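Given only the sequences and the hints, what does the whole structure look like? Please build it.
Spelled out from the first residue to the last, the chains are:
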Amino acid sequence: MKIIGLFIVVLTGGFLIYAAADFPAWGDPNSPASLHVSPYYLETTVELTHVPNAVTSVVADYRGYDTMFETTVIFTAGVVCFFVLRALGRKGLREESQERLYRHVLTGVTVRVKAGGKIPESSDFQRIDVSWTPPDLIIKTICRLLVPFIQLFGLYVICFGHYSPGGGFQGGVILGASIIVYAISTDLRSAVQRFREKTDALLAATGVFIYAGTGALCLLLGFNFLDYHALAPILFVDRVMARSHGIFIVEVGVGIAVMSTMIWIYNVLASRGHYDEGL
Amino acid sequence: MEDIVQTVVAKYNYWIYITLMMLGLYAMIAKNNLIKKIVGMNIFQTAIILFYVSIGVKKNATIPIMQEVHGHAVNVAAYHNPLPHVLMLTAIVVGVATLGVALAFAIRIYNQYKTLEEDEILAQIRTREEQMGKI
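Protein chains in written order, with the numbering used here: chain A, 1 to 279; chain B, 1001 to 1135.
Source of the hints: derived by calculation from the structure; they are not laboratory data.
Model, not experiment: these values are computed from the prediction.
By construction, the Cβ of each residue, glycine as well, lies at the ideal position given by its N, Cα and C atoms.
Just to be clear, a hint being listed does not mean it is correct.
Stated by the list, open to error - Simulated coverage check for chain A against chain B, where a stretch passes if three residues somewhere in it have a Cβ under 8 Å from a Cβ of chain B:
#1 42-54
#2 62-73
#3 130-141
Have a look at this one:
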């Protein structure tokens, strides 16, 4: 297999190197990629959408369909992870997952509770992971202090995407990372307590719904799907500004969908479908 | 001779992306461990992202965010091409999502066969099929 693989790789690489000779040189302003639609985007972005950042206006407006289905792909990936590991994949794991470890906080004694067993009702017992290590004070404190700032930065990236590099995808990933940092620095259970699975799944669907709903609203108002012109009478602004606001609404939808899908995928993967013990 | 050197230097972005892409392709074909195959797939994706972003570059240009100029025609040559950035922006996040799906399947396979080595999985499937045939 290795020899066949090497042969295929060398052959494909050879063809690609041969083809690269015809490609435009690095940084050539007249390369074919920069000649057809891209000048149109750059010339009209401020005039038509009032968004100086051409990347944001192309993502959410000129190529809104593309982005809508990319968001759907991300949502679908989250749902697939959920079904593969959590909804359908728990049969083989049931036996090993029934044993639980508790730690008596005052004495530091670890108690192993077998399947069906119960511990006395007391707040002295703390559920711990199988691979439990005492929490490091520095890491825990720093992560807890950092989480709100990471989230603030994520919101900034989403909201300021019109005027600086940023937007729904980047901001959503940053927001998701803040929750994942919390899950890593403490444990999965306390992160899930703050951001439950049901909320997570509903938010992921809501994000996609906001995007598609904005498009459908334009359709109801008598324009094309995702043609934000149509929102002008609802938002009480002129048509160009309506496009800018339409892009913002859509970016918020993307941000919500990306954030919750990232957290969902992390939680399901890290706990191998249990939503119980994680990294 | 100088011509060749100049072409090689002028198109260095293509050499980098071809090298990375072939590394990823080789890992996907030849590696035995499923996680290594997934890593190879990610290297492949990254190579394509680098390729796209590099063809959007223009010399002496800046990021595609318009400066405040009202009433003037936009000088297109002064801004990078926004299109590759847009396509790759979504591709990066979708890449992470597909990585998640791939890892989820890897976990399922590990639960079933207790290994992630491809040849051991195939051997297990074969023995199972032979046993089924005997019955």
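Structure versus earlier hints - violations, ascending order
Those not satisfied come down to hint 3.
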